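Keeping the supplied structure of chain A fixed, place chain B upon it in accordance with the hints.
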Amino acid sequence: MPLLIKGGRVIDPANKIDGIFDVLVDDGKIIEVLPHASRLTPHAEIIDASGNIVVPGLIDIHVHLREPGYEWKETIKTGTAAAVSGGFTSVVCMANTDPVNDEPSITEYILRKAKTEGLCNVFPIGAISKGLKGEVLANIGELKEAGCVAVSDDGRPVMNADLMRRALEYTSNFGLTVISHAEDLTLARGGAMNEGVTATRLGLKGIPNAAEDVMVARDIALAELTGARLHIAHVSTKGAVRIIRNAKARGAKVTAETAPHYFTLTEEAVEGYNTSAKMSPPLRTKEDVDAIKEGLRDGTLDCIATDHAPHDPDSKDVEFPSAANGIVGLETSLPLTLRLVEEGVLTLSQAIERMTVNPAKALGLNKGILSVGADADITIIDLNEEWDVEPAKLKSKSRNTPFAGWKMKGRVMATIVGGKRIVYSILKA
Amino acid sequence: MGLSKKDILDIESLSADEIRLILESAESFKEVLGRDIKKVPTLRGKTVINLFFEASTRTRTSFEIAAKRLSADTINISASASSVQKGETLSDTVRNIEAMNSDVIIIRHPASGAPHFIAKRLKASVVNAGDGAHEHPSQALLDMLTIKEKKGKIEGLKVSIIGDIAHSRVARSNIHGLTKMGAKVVLYGPKTLMPKGIENIVGAYGDTPLHIANSMEEALKNADVVMMLRIQLERQGQSLFPSVREYSRFFGLNGRNISLAKEDAIIMHPGPMNRGVEISSEVADGARSVILGQVNNGIAVRMAMLYLLAGGHKEAVTSQESGVRS
Numbered sequence: 080m081p082l083l084i085k086g087g088r089v090i091d092p093a094n095k096i097d098g099i100f101d102v103l104v105d106d107g108k109i110i111e112v113l114p115h116a117s118r119l120t121p122h123a124e125i126i127d128a129s130g131n132i133v134v135p136g137l138i139d140i141h142v143h144l145r146e147p148g149y150e151w152k153e154t155i156k157t158g159t160a161a162a163v164s165g166g167f168t169s170v171v172c173m174a175n176t177d178p179v180n181d182e183p184s185i186t187e188y189i190l191r192k193a194k195t196e197g198l199c200n201v202f203p204i205g206a207i208s209k210g211l212k213g214e215v216l217a218n219i220g221e222l223k224e225a226g227c228v229a230v231s232d233d234g235r236p237v238m239n240a241d242l243m244r245r246a247l248e249y250t251s252n253f254g255l256t257v258i259s260h261a262e263d264l265t266l267a268r269g270g271a272m273n274e275g276v277t278a279t280r281l282g283l284k285g286i287p288n289a290a291e292d293v294m295v296a297r298d299i300a301l302a303e304l305t306g307a308r309l310h311i312a313h314v315s316t317k318g319a320v321r322i323i324r325n326a327k328a329r330g331a332k333v334t335a336e337t338a339p340h341y342f343t344l345t346e347e348a349v350e351g352y353n354t355s356a357k358m359s360p361p362l363r364t365k366e367d368v369d370a371i372k373e374g375l376r377d378g379t380l381d382c383i384a385t386d387h388a389p390h391d392p393d394s395k396d397v398e399f400p401s402a403a404n405g406i407v408g409l410e411t412s413l414p415l416t417l418r419l420v421e422e423g424v425l426t427l428s429q430a431i432e433r434m435t436v437n438p439a440k441a442l443g444l445n446k447g448i449l450s451v452g453a454d455a456d457i458t459i460i461d462l463n464e465e466w467d468v469e470p471a472k473l474k475s476k477s478r479n480t481p482f483a484g485w486k487m488k489g490r491v492m493a494t495i496v497g498g499k500r501i502v503y504s505i506l507k508a
Numbered sequence: 011m012g013l014s015k016k017d018i019l020d021i022e023s024l025s026a027d028e029i030r031l032i033l034e035s036a037e038s039f040k041e042v043l044g045r046d047i048k049k050v051p052t053l054r055g056k057t058v059i060n061l062f063f064e065a066s067t068r069t070r071t072s073f074e075i076a077a078k079r080l081s082a083d084t085i086n087i088s089a090s091a092s093s094v095q096k097g098e099t100l101s102d103t104v105r106n107i108e109a110m111n112s113d114v115i116i117i118r119h120p121a122s123g124a125p126h127f128i129a130k131r132l133k134a135s136v137v138n139a140g141d142g143a144h145e146h147p148s149q150a151l152l153d154m155l156t157i158k159e160k161k162g163k164i165e166g167l168k169v170s171i172i173g174d175i176a177h178s179r180v181a182r183s184n185i186h187g188l189t190k191m192g193a194k195v196v197l198y199g200p201k202t203l204m205p206k207g208i209e210n211i212v213g214a215y216g217d218t219p220l221h222i223a224n225s226m227e228e229a230l231k232n233a234d235v236v237m238m239l240r241i242q243l244e245r246q247g248q249s250l251f252p253s254v255r256e257y258s259r260f261f262g263l264n265g266r267n268i269s270l271a272k273e274d275a276i277i278m279h280p281g282p283m284n285r286g287v288e289i290s291s292e293v294a295d296g297a298r299s300v301i302l303g304q305v306n307n308g309i310a311v312r313m314a315m316l317y318l319l320a321g322g323h324k325e326a327v328t329s330q331e332s333g334v335r336s
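For the protein sequence lines, the chains are A and B, in the order given. Read in order, the letters of the first sequence correspond to residues 80 to 508 in our numbering. Read in order, the letters of the second sequence correspond to residues 11 to 336 in our numbering.
Bound conformation, chain A alone (with noise of 0.2 Å):
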């Protein structure tokens, strides 16, 4: 049956559309974009989103989905239904599952169970090296045959400089991204935190920002060595922005993503030893908090990803230095992003940009714009309603939060996968 959105706010970036439209769906594909009370289709399944914004659907491309082998933690199922609720019909879920993503058959597996299970498109991207070891490369050319849209060791970075540049030249025969999660171990030695006064106060471990800007650097060196397409992930620091933004004004292919809780959340947040609020790169200070908004105000930043990366908690109720890294993301992202908007940091429509075409781009997808014959991913948003945040209620398996209790404003009214399917919906029908 087709589907007609009705009367809400479009903003199609990528189209250089923001307007009111009515958004015709027939068969997962978008059959128009019409003019505000344009002819009606007699059959159609009608949505009002009058009062609301109609934008693609929204794309993560740095997700941790956990299977196989950490379903107690997340779940493709589970991670996909936070994801819709987040407003994303794309996910990009990350190698580092067990086992690693570094064989054909795993990739098969997670698709496989995306498509019986998953209530979103699901993504997978393969490891850069076997066992995510940093030794030999992975079977590259066979893991994208296989359905991977790009290469990371994310959680680990390629500590070999010359694995790093045989990577990119080798990937860049298939025509994928390696996504580095640049951080140098020897700098970061095992680090608690970000390196400074809350630190030293606190008597943890800190990491400097020079951990990640030097492995920034090292690896837009080699990609302008090797001329391949490098995305750099989780940017946290004014020296990373920096060097970024230099690089693609000399013209490197260099893409790069930040995570909301890098332009929201300062080292502050781990006071009182809170284990929510640890992740990897650590949440840095007010200085970088600023030059990472400035950096996606201006474009150095391409795309914002959650990096979703789900705990039990057992991994997360223990002291500080034995904590696990990371927090979930897709059910906050949208709302934190929304927060710049307020501030005047962006546009709306380079917020949605952010979150849709430009993630798109970076990994090639072919997704997150509105034309004419385009996937029909959807997500109506009211940009008034407010909520608190519940971990109790999040979707995903997982509530290691450091955002519970916060108020949001902009909810996820209902998010429309391939046309046919509305995922999830709280508007009244």
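Relax, there's no trap hidden among the hints.
With a straight-line Cα cutoff of 30 Å, these simulated DSSO-like cross-link-like pairs (lysine-lysine) come out:
no. : chain 1 : residue 1 : chain 2 : residue 2
1   : B       : Lys161    : B       : Lys194
2   : A       : Lys284    : B       : Lys206
3   : B       : Lys16     : A       : Lys284
Cβ-to-Cβ under 7 Å is the rule here; a few derived chain B residues that face chain A:
no. : residue
4   : Ala121
5   : Gly123
6   : Ala124
7   : Gly142
8   : His144
9   : Pro205
10  : Lys206
11  : Gly207
12  : Asn210
Over the 12 Å line for every Cβ pair with chain B, so calculated as not near, a few chain A residues:
no. : residue
13  : Met80
14  : Lys194
15  : Gly210
16  : Leu304
17  : Thr426
18  : Lys474
If you're looking for bench data, these hints aren't it; they were derived computationally from the structure. Predicted model only: the values in this text are computed from it and were never measured. Note that the Cβ used here is the ideal one computed from N, Cα and C, for glycine as well.
Frame of chain A; chain B shown alone:
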């Protein structure tokens, strides 16, 4: 006035008045320790558990003697040798111990913040006996008691803390305590062992950042108190300093450079000392050294801490004419 706190987790969260109260109580208990019968019934019927996840002789023994002098039942648990190796979590270990109805748990743990972690989960009082590189409150309190006794005051003194500041919980506790009590704290050590932002850790209450000296000479010059920190010899392999020989030459306290300090300066060290490394025997055993006095004051200070947490009632002072205020 009493100590209206369940726990003593760090000096940073104590007010100057609370520090003063603990030091004054300790002075009263010191008088008890000088008697023939060195015991008071203050904590009779209370259970104090020493829960040590790191090896320690001095601090554990000192807390144990302090609890026994107050007539508490004391139990020592050396956790690294028991359940923890079997994979039990800290919160389970602690829940088990609480099920034993203890009143005070004294904890030492290699993870910074471990005492705060258990304090949130326990009804019993928690005393931090050293957590990672964070704080070691009883050590700083006994150091302050020693300084007060020897110099008659703390306010206005130049106290130089020298050595491995980065890994030292003693340094952090003393920085907070001494600054709150009005001393001028100066820090010195190799830059590799001077943690980022240390000069600003008193930012929440200090008027000005701490001073980091540019040389050993500047650190020692006109100091009233010189506090040398232990260097961990195994750090040689981490390129934090090239060798023990070089460390002792450029960062050690010896018979020559000590003359830069005030003539009546006192020399402190939290122990255990590396003789010939951070401090020469000549200085450690010299007339200005108060290192053994520090150990003795440790018992009195820990009695005061336990008393103020677990006793804290007027009648508990009983036979002491000296009158610890409650």
